[in-house]
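Colleague: Chain by chain, the residues run as shown.
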Amino acid sequence: MHQEYTIIEGDFVNAGKASSSVKKTLKQLNVDPTVVKRVVVALYEAEVNAIAHAYGGKVLVDIDEDKINMVVADKGPGIPDIAMAMQEGYSTARPEVRDMGFGAGMGLPNMQKNVDKLNVTSEVGVGTTVEMEVNFN
Amino acid sequence: MTLREIVNLLDATVHTGENRLDEEITQAFASDLMSEVLTLTDTPLLITGLCNMQTIRTCDMATLDYALIVRNKKPTDEMLELAEDNDMVILSCRYSMFRTCGILYQAGLKPLY
Chain A
1 MHQEYTIIEG DFVNAGKASS SVKKTLKQLN VDPTVVKRVV VALYEAEVNA
51 IAHAYGGKVL VDIDEDKINM VVADKGPGIP DIAMAMQEGY STARPEVRDM
101 GFGAGMGLPN MQKNVDKLNV TSEVGVGTTV EMEVNFN
Chain B
1001 MTLREIVNLL DATVHTGENR LDEEITQAFA SDLMSEVLTL TDTPLLITGL
1051 CNMQTIRTCD MATLDYALIV RNKKPTDEML ELAEDNDMVI LSCRYSMFRT
1101 CGILYQAGLK PLY
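So the protein lines, in turn, are chains A and B. Everything in the first sequence is counted per this note's numbering, starting at 1 for the first residue and increasing by one. Everything in the second sequence is counted per this note's numbering, starting at 1001 for the first residue and increasing by one.
Keep in mind that the hints were calculated from the coordinates and are not lab data. Worth double-checking, as some hints may not be accurate.
[Unchecked claim] List of simulated lysine-lysine pairs, DSSO-like, C-alpha gap at most 30 Å:
| # | chain 1 | residue 1 | chain 2 | residue 2 |
| --- | --- | --- | --- | --- |
| 1 | A | 117 | A | 24 |
| 2 | A | 58 | A | 27 |
| 3 | A | 17 | A | 37 |
| 4 | A | 37 | A | 113 |
| 5 | A | 117 | A | 67 |
| 6 | A | 67 | A | 27 |
| 7 | A | 37 | B | 1073 |
| 8 | B | 1074 | A | 113 |
| 9 | A | 37 | B | 1110 |
| 10 | B | 1074 | A | 37 |
| 11 | A | 67 | A | 113 |
| 12 | A | 17 | A | 58 |
| 13 | A | 75 | A | 117 |
| 14 | A | 37 | A | 24 |
| 15 | A | 17 | B | 1073 |
| 16 | B | 1074 | A | 24 |
| 17 | A | 58 | B | 1073 |
| 18 | A | 75 | A | 113 |
| 19 | A | 24 | A | 58 |
| 20 | A | 75 | A | 17 |
| 21 | A | 58 | A | 113 |
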């Protein structure tokens, strides 16, 4: 099953819509609630990151029988040092992102904790792609 | 303690979930930082000063059913609509985060950590 969502820059009100929709789908498919939570927490953090830092992007979700694959690809400033961005507490978020309850440098670490596979690729001035995979069993 | 007791202790407003006020709460977690809330594996009462759509979405993702918004902030209709869709209980009170936590701790509500 393939699903696609569009991310609009600065659209904080709708941050989490894709995650919410994926949550509903996985529940309908009777995926273990613990796994569902891991999937949606990771996807939600990725969505918030793309809305907060980039100029728009896409969320692509592929659900198989035994796993979910999620790609959050944005057009944006990119991440100059991915290793540093992966460190808990490191943040470049603007004040309005912090006003939304995010921007404390926990996004990428939270994603890593919740998924089985995480791959972050980024080009400065072009954008960032976050690929995540979670096994259902 | 029940949610109804919490409402009475704090003179809180019940925005959604009136039908769930007799449910028992044993633990609470207080934070304005939603990434922190997303790390929780348990499902306590969330006490927060953050009052926007992300408060509700975070609760949805973190499978938290109960949120108490402090510092006299009022949830918007849009927030309450989403909370109702997710069958959540949303309360608010006029007290500060510190005072709210103090009252509930003294009354026997346990910290998550």
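Colleague: Next step is simple, just say for each hint if it's right about the structure.
Modeller: Verification of the supplied hints:
| no. | hint | result |
| --- | --- | --- |
| 1 | A/117 / A/24 | holds (22 Å) |
| 2 | A/58 / A/27 | holds (23 Å) |
| 3 | A/17 / A/37 | holds (15 Å) |
| 4 | A/37 / A/113 | holds (12 Å) |
| 5 | A/117 / A/67 | holds (11 Å) |
| 6 | A/67 / A/27 | holds (14 Å) |
| 7 | A/37 / B/1073 | holds (28 Å) |
| 8 | B/1074 / A/113 | violated (33 Å) |
| 9 | A/37 / B/1110 | holds (24 Å) |
| 10 | B/1074 / A/37 | holds (28 Å) |
| 11 | A/67 / A/113 | holds (17 Å) |
| 12 | A/17 / A/58 | holds (12 Å) |
| 13 | A/75 / A/117 | holds (22 Å) |
| 14 | A/37 / A/24 | holds (11 Å) |
| 15 | A/17 / B/1073 | holds (24 Å) |
| 16 | B/1074 / A/24 | holds (28 Å) |
| 17 | A/58 / B/1073 | violated (33 Å) |
| 18 | A/75 / A/113 | holds (25 Å) |
| 19 | A/24 / A/58 | holds (19 Å) |
| 20 | A/75 / A/17 | holds (19 Å) |
| 21 | A/58 / A/113 | holds (22 Å) |
In this structure, the earlier hints numbered 8 and 17 are contradicted, and the remaining ones agree with it.
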